[in-house]
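K.L.:
Protein chains in written order, with my numbering: chain V, 1 to 154; chain F, 1 to 154; chain D, 1 to 154.
Note that these hints are calculated values from the structure, not bench results.
Please read all numbers here as calculations on a predicted model, not as lab measurements.
Treat the hints with care, as some may be off.
Below, simulated DSS-like cross-link-like pairs (lysine-lysine); rule was C-alpha separation at most 30 Å, straight line [claimed, not checked]: (1) D/Lys87 x V/Lys90; (2) F/Lys49 x V/Lys90; (3) F/Lys87 x D/Lys90; (4) V/Lys90 x D/Lys90.
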Amino acid sequence: MSERDPYAVLKALDITLPVAGAPAAAYVMCAQSGNIVYLSGHLAKQDGKPWVGKLGDTMSTDEGRAAARAVAIDLLGTLHAHLGHLKRLKRIVKVTSLVNSTPDYTEQHLVTNGGSDLFLEVFGQSGRHARSAFGVAQIPLGACLEIELVAEVD
Amino acid sequence: MSERDPYAVLKALDITLPVAGAPAAAYVMCAQSGNIVYLSGHLAKQDGKPWVGKLGDTMSTDEGRAAARAVAIDLLGTLHAHLGHLKRLKRIVKVTSLVNSTPDYTEQHLVTNGGSDLFLEVFGQSGRHARSAFGVAQIPLGACLEIELVAEVD
Amino acid sequence: MSERDPYAVLKALDITLPVAGAPAAAYVMCAQSGNIVYLSGHLAKQDGKPWVGKLGDTMSTDEGRAAARAVAIDLLGTLHAHLGHLKRLKRIVKVTSLVNSTPDYTEQHLVTNGGSDLFLEVFGQSGRHARSAFGVAQIPLGACLEIELVAEVD
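With the rest of the complex left out, here is chain V:
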């Protein structure tokens, strides 16, 4: 359980959680088994549309980091919708970050920090997670980034 009020942090950061997105097909944005919640890969979006780009080509690491922060906010929106209240989150357990990359781009970890840092700000120690970040050939709709997540809830 987080020692801080995640909503107070979000307000201090001037972040408004989005209404959780609806999947476009025969899957769901999150699925719970026992007290583990699996969140689907969330695509980076800007102004409600896919945030298109490829790191090492059309996007800089700083832009990628901003995209990761945006995806993390969407993931929080999905968790809030699923749990009713983020206080029910015990821990972010695992984050997997898929970065749309050229064959030469090697800063996927810096991009992903944009999401990891936000989880730490919002949840404190409960936001610390195991993590993998790597470069993929492409992402649905050309999005620059896709992040999925495993969380423990009460």
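Could you slot chains F and D onto chain V? The hints should help.
P.N.:
For chains F and D alone, coordinates are given in the frame of chain V:
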């Protein structure tokens, strides 16, 4: 627990489950911990051989969707072999779909629907899963698609 | 629980476990939920530095297999540090192996065997795992390989 008989659906769809494949090395096709089963990434096959191809180059989205359906059938074969009876499946929890893609191909989600739709047909609501789909640079043996899965069983 | 003494096997193989690495950002090298431990993606290293290379271009399959064995040793180091004693490991449940690959390289499974084989040597049947291996466009810091792991502990 599915509200429908998965074998009746499979029969209606004229699908015969394959004998579960054997891994080629020091790993297993599925591993259970508690009531969670992790299935290894299953490669797309055609006529028992790797279904070779790359989306955006040598394969169309429709062909990819057919490959995803074929992998889903193989995953069901592995689940059937592991569980003895698919009625023991409580839910497909998470699907991860790795699509062999050129750097420009962006329809990994449509390809993956070929598998997601079959799970929904066979299991109903119990078949709805969290999901990630993305494009990878290559896949063992040149297969066009690899899908792994997490399921909850009783 | 392994039927063999993993430390005796490591000694017989002349393997010294490394001091577990520290993450470079707001994440941790492993996170436990219940009796499941998720290990972060560990990058291949050589002489303490990222083992840079791309399969199908600057590295051979045999070199990749050696890198996978090196990553597996680092994963064991992290497990040892987290658990206090490897006897507490009940099973390696799932291994995901991300191989830095050209668009044409198709031997990710052979590379990954370097890690899978070591787990089998060290833990016996408890080391057998579900597995996915595939080729990615790039990896942080240009490493040739990244492996993450899910384990069950007592």
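K.L.:
With reference to the structure, classify each hint as holding or not holding.
P.N.:
Hints, verified against the model:
{"no.": "1", "hint": "D/Lys87 x V/Lys90", "verdict": "holds (27 Å)"}
{"no.": "2", "hint": "F/Lys49 x V/Lys90", "verdict": "violated (45 Å)"}
{"no.": "3", "hint": "F/Lys87 x D/Lys90", "verdict": "holds (27 Å)"}
{"no.": "4", "hint": "V/Lys90 x D/Lys90", "verdict": "holds (24 Å)"}
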